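J.: What follows is each chain in one-letter form.
There are 2 protein chains.
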Amino acid sequence: MTTKLKPAHLRKRTSIGSRRNPEAEAAVLAAARELISEKGYAGFSVDEVARRAGAGKTTIYRWYPTKADLFIAIYTTERSTFVPVPDTGNLVEELVQYTTSLWRFWASHPAGAALRGLIAEAQGTADALSALRDRFLPDRTADVRRMLTHAVARGELRPEEVDDKVALWVGFSWFKLLIGELHQEDTIHSVMMQIAGISSHPQP
Amino acid sequence: MTTKLKPAHLRKRTSIGSRRNPEAEAAVLAAARELISEKGYAGFSVDEVARRAGAGKTTIYRWYPTKADLFIAIYTTERSTFVPVPDTGNLVEELVQYTTSLWRFWASHPAGAALRGLIAEAQGTADALSALRDRFLPDRTADVRRMLTHAVARGELRPEEVDDKVALWVGFSWFKLLIGELHQEDTIHSVMMQIAGISSHPQP
Numbered sequence: 001m002t003t004k005l006k007p008a009h010l011r012k013r014t015s016i017g018s019r020r021n022p023e024a025e026a027a028v029l030a031a032a033r034e035l036i037s038e039k040g041y042a043g044f045s046v047d048e049v050a051r052r053a054g055a056g057k058t059t060i061y062r063w064y065p066t067k068a069d070l071f072i073a074i075y076t077t078e079r080s081t082f083v084p085v086p087d088t089g090n091l092v093e094e095l096v097q098y099t100t101s102l103w104r105f106w107a108s109h110p111a112g113a114a115l116r117g118l119i120a121e122a123q124g125t126a127d128a129l130s131a132l133r134d135r136f137l138p139d140r141t142a143d144v145r146r147m148l149t150h151a152v153a154r155g156e157l158r159p160e161e162v163d164d165k166v167a168l169w170v171g172f173s174w175f176k177l178l179i180g181e182l183h184q185e186d187t188i189h190s191v192m193m194q195i196a197g198i199s200s201h202p203q204p
Numbered sequence: 001m002t003t004k005l006k007p008a009h010l011r012k013r014t015s016i017g018s019r020r021n022p023e024a025e026a027a028v029l030a031a032a033r034e035l036i037s038e039k040g041y042a043g044f045s046v047d048e049v050a051r052r053a054g055a056g057k058t059t060i061y062r063w064y065p066t067k068a069d070l071f072i073a074i075y076t077t078e079r080s081t082f083v084p085v086p087d088t089g090n091l092v093e094e095l096v097q098y099t100t101s102l103w104r105f106w107a108s109h110p111a112g113a114a115l116r117g118l119i120a121e122a123q124g125t126a127d128a129l130s131a132l133r134d135r136f137l138p139d140r141t142a143d144v145r146r147m148l149t150h151a152v153a154r155g156e157l158r159p160e161e162v163d164d165k166v167a168l169w170v171g172f173s174w175f176k177l178l179i180g181e182l183h184q185e186d187t188i189h190s191v192m193m194q195i196a197g198i199s200s201h202p203q204p
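Chains A and B supply the protein sequences, listed in that same order. Residue 196 in full-length UniProt numbering sits at position 196 of the first sequence; the count goes up by one each step and never skips. Residue 114 in full-length UniProt numbering sits at position 114 of the second sequence; the count goes up by one each step and never skips.
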């Protein structure tokens, strides 16, 4: 490219950047974040992200081939602000604190809408399904898996129970996200007790 | 309407029916079922349902104002072929049998794709969210709620645990549906034991 040899008025107006650079990427992500939080999944389009970011659609597609990739990028950027729960040695307490913080994070950040969008996209295309299951999920369940693994080390759970409990925890949290009931925090404590395996039913 | 007074070749070709009649409704549902199972959520449109059923789009919208309504209708029609699990008096056994049958039903009937579509739509519009949560969910969790309520009557669970366990069960089953893991039936038994509250961790 030798645009610098041409006088300014003869240069083509270039898009925000075809090479991946932090400023352009930040502008695209900011526009995507704003759009998902304003219009939700149904009103989200790459066209509109491009318009708001002043970026070329082709550029965005080169960086984020699918909507699912954009949703994961929004989530991941915001997720770094989420402070993990300290290791207290009490599984139920850790799960309750973590789940409460996470639900509030989902409810108050575009990340929540982005995750809803990612799950919805995954019902439409195989690429999005694989991004959700194979790329997003393992990272995003690592915290809960660690809490459960510590409980195994303390002799409170058996190692083979960990996968089931991770699935129960994700399933329950997604369910509340997907039906719009993240405000029902009063259900968290008793459900975490059940997931932890603290039996509350009458002894025979 | 006095079309019978005109000779056949002068009559306008009418759509499949603007009044709700069983044949027309069956044709629309058959087309919708075929389309969701062939193209999935991403390829589903009312335009294409109308084309395949030879029905007017306006008629379909009058009967089913949203895609969510169509998905619920597909699910409900097929659901009537699903035989409930007999009451054996063993909660884990009942939950395992029921969940296994349901996952196979989802995997092998358009109802599964319709439910994925309904959940995805609910991430986009408030109407679909309300249809999913307030109209679809209560009916579709009645069987599991009944199994749990019978266990309460047998003194195996406390009444206040039922809602939590229903949420855990729905969450887990939706999770496996939404990430495309309905074939992993080997996870059902141990998870149902955890939901039933049969503790398998070492006694202190």
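Just so you know, these hints were derived from the structure itself, not from any lab. Here the structure is a predicted model, which is why all the values come from computation and not from measurement. Please note: incorrect hints may appear among the correct ones.
[As the list claims (entries may be wrong)] If you want the ones that stay clear, here's a sample from chain A, every Cβ over 12 Å from chain B, calculated:
1. Arg79
2. Thr100
3. His109
[What the hints assert, rightly or not] Computed beta-carbon distance windows for the label pairs:
4. Ala153(B) with Ala42(A): 35 to 45 Å
5. Ser45(A) with Tyr61(B): 16 to 26 Å
6. Ala126(A) with Glu185(B): 34 to 44 Å
7. Glu181(A) with Asp47(B): 49 to 59 Å
8. Ala26(A) with Asn90(B): 53 to 63 Å
9. Asp47(A) with Pro22(B): 35 to 45 Å
10. Asp87(A) with Arg62(B): 53 to 63 Å
11. Pro86(B) with Ala153(A): 36 to 46 Å
12. Glu48(B) with Pro86(A): 28 to 38 Å
13. Val83(B) with Asp163(A): 24 to 34 Å
14. Asp139(A) with His183(B): 40 to 50 Å
15. Pro22(B) with Asp186(A): 17 to 27 Å
16. Arg135(B) with Asp186(A): 23 to 33 Å
17. Arg145(A) with Arg133(B): 48 to 58 Å
[To be verified] Listed next, the stretches of chain B that the computed footprint assigns to chain A, with coverage defined by at least 3 CB atoms under 8 Å from CB atoms of chain A:
18. 67–77
19. 86–96
20. 164–177
21. 188–195
A virtual CB, placed ideally from N, CA and C, is assigned to each residue, including glycine.
J.: Could you run down the list of hints and mark each one as holding or not?
T.: The hints, checked one at a time:
no.	hint	verdict
1	Arg79	holds (19 Å)
2	Thr100	holds (16 Å)
3	His109	holds (16 Å)
4	Ala153(B) with Ala42(A): 35 to 45 Å	holds (44 Å)
5	Ser45(A) with Tyr61(B): 16 to 26 Å	holds (23 Å)
6	Ala126(A) with Glu185(B): 34 to 44 Å	violated (22 Å)
7	Glu181(A) with Asp47(B): 49 to 59 Å	violated (33 Å)
8	Ala26(A) with Asn90(B): 53 to 63 Å	holds (57 Å)
9	Asp47(A) with Pro22(B): 35 to 45 Å	holds (42 Å)
10	Asp87(A) with Arg62(B): 53 to 63 Å	holds (58 Å)
11	Pro86(B) with Ala153(A): 36 to 46 Å	holds (42 Å)
12	Glu48(B) with Pro86(A): 28 to 38 Å	violated (53 Å)
13	Val83(B) with Asp163(A): 24 to 34 Å	holds (30 Å)
14	Asp139(A) with His183(B): 40 to 50 Å	violated (24 Å)
15	Pro22(B) with Asp186(A): 17 to 27 Å	violated (46 Å)
16	Arg135(B) with Asp186(A): 23 to 33 Å	holds (24 Å)
17	Arg145(A) with Arg133(B): 48 to 58 Å	violated (29 Å)
18	67–77	violated (count 0)
19	86–96	violated (count 0)
20	164–177	holds (count 11)
21	188–195	holds (count 4)
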